[in-house]
Amino acid sequence: MLKAIYRLAWKDVIADFRHRSTFSSMLFFAIAVLLVFQAAFEPDPQEAQRLVPGLLWSTVLFTTILGLGRVFQAEEENGALEGLLLAPLPRGAIFFGKWLGNLVLSLLVMTMLVPLTLVLFNVTIWGHVPMLLLLLFLGTMGLTALGVLLAAMTQTARSRETLLALLLLPLVAPLLIAGVQSMNSVIASGSLTGPWLNLLLIFDVVYLALAPWGFGWLMEE
Amino acid sequence: MPDYSVYVMVVYLFAALVYGGLAWVWGRAGRTLALRLTQMQDREGDNHSVGR
Amino acid sequence: MNRLLAWNRWLGWGTLLLLSACLWMVFHVPMDYQQGNAVRILYVHVPSAKMALFVYLILTLFSIWYLWKKSETADILAEAAAYVGAAFALVTLVSGSLWGKPMWGTWWAWDARLTSMLVLLILYVGIIALRNAFDDTVKGGRATAILAIFGAVDLPIIHFSVVWWRTLHQPPSFNQSASGPTITGPLLPPLIWMSVAFVLLGMFLLLLKAREIQQRRTLDAMELERASHA
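Taken in order, these protein sequences are the chains called A, B and C.
With the first sequence counted from 1, adding 33 to any position gets you the working numbering.
With the second sequence counted from 1, adding 830 to any position gets you the working numbering.
Just so we're aligned: 112 in the working numbering is position 115 of the third sequence, and the numbers increase by one with no gaps anywhere.
Since the hints were derived computationally from the structure, they do not count as laboratory data.
Each residue gets a CB set at the ideal place from its N, CA and C atoms; glycine is no exception.
Take the hints with a grain of salt, since some may be wrong.
[Said to hold, decoys possible] The calculated label-pair distances, taken between Cβ atoms and stated as ranges, are:
#1 A:L35 - B:T868: 53 to 61 Å
#2 C:V193 - A:L149: 54 to 62 Å
#3 B:R866 - C:G182: 37 to 45 Å
[Stated by the list, open to error] Cross-link-like lysine to any residue pairs, in silico, SDA-like; alpha carbons within 25 Å at most:
#4 C:K67 - A:Q79
#5 C:K136 - A:L196
#6 C:K67 - A:K44
#7 C:K98 - B:V836
#8 C:K47 - C:W62
#9 A:K36 - A:L241
#10 C:K67 - A:M174
#11 C:K136 - A:F62
#12 A:K44 - A:A221
#13 C:K66 - A:K44
#14 C:K136 - A:E115
#15 C:K66 - C:D217
#16 C:K67 - A:L209
#17 C:K47 - B:M839
#18 C:K47 - C:L58
#19 C:K67 - C:V150
#20 C:K136 - A:P123
#21 C:K67 - A:R191
#22 A:K44 - A:N111
[To be verified] Computed list of chain A residues with no C-beta within reach of chain C, every gap over 12 Å:
#23 K44
#24 S58
#25 L99
#26 E110
#27 V205
Construct all of the structure, not just a fragment, from the sequences and the given hints.
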């Protein structure tokens, strides 16, 4: 079953690099968001250092929403979801496959996003980059788990992209708070552990446990 | 102690507007639908007797 | 269910009567020595806030019931509950803001309770929007029910994260008792009666909206049947 999950995810990632190019749209969208923030706030380096956690997390959030809008697009266009659901796999495994594919793409974008942000905003906290990346990775796991479920929920609805953003943003408020606060503590004191990291992990665990179950109910005939 | 009765007034008016307004709108919509439903059932009865 | 809906009109009149009595009580309590007249705002604000949360609990229970038993009644009541809850949350936020201006000196503070209530309102609006984005009632009902249950799981996390955020990160701008004043003495009985009246009001609005939804669905089904016959 693990192999099936892996194959499902791998299929999505490869297909994306071959012709769907969600990855490059996400990356350039992230850069555009950074540009918007720079134009809107014009922070000097000191302000920029204070703003970095918030900048990173908002960019990640917007970029993820863009990517989530496409998770089920291919299946929707050629009706492949029914085929996928007919496969002799538990619904949870299908969910994890879809989630893993989206997660890999998001993580690739983030790996490029962090150095880009530091360069574009002239912030010299290069020593903290691994920890910042680790926090983003941890947060993205829960974020995409909830996001893939909401994408599945809205895929057949009208105006689904708007709806996805409207539903996702309030629900991930705790994640955003925890992510920004834990990054603040990393930048201020260099310490990773603390209540905010715990909250981030709680969010991950709760959504990774519940989302497959919700997906199963959603896809029930 | 300043008099805050303006704030109090606005709050009570707003609450009355929201709750009362919803009760009025939903009640009206319910009555209109009920009327259309009976009309529909009457016509249905004239043409052919479908199960419901 | 239909029997209950027919009796709802009497529930409505009863609620109105009780609310009027409460209103009389509220305007006859002595003024608070700290808050003056503004304390009267709390008689709308506190019951509305309680109902906004309580209706979400009911919405979650109906959603679970619907997923479990596939009962259409549960689905209709869940749909109605979202509208009622949104109304209570909206009144809570507006009255809280109007209370905050004279008491805190600002219309809005990112206080833990206000922030959670705002998230709750957005969640209600999201649930309504999701339901209305489907033509198929079964699909819409199922998606909405799952979203409501996820919201119910998320709400405590949101609440605690916001509480931590506002207390750990920066010193609270107002003392905690100011954001949730304790009402005692002669000010208390009207609040209790008002809460009772608001529970009745919530039930009345829920059943009223449920009746509308039920009739609309029956009508849609009949029209569909008619179209397929023609």
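For this session: Quick one: which hint numbers does this structure break? Sort them smallest to largest.
Result: Per hint list: 3, 4, 6, 10, 11, 12, 13, 16 and 27 violated.
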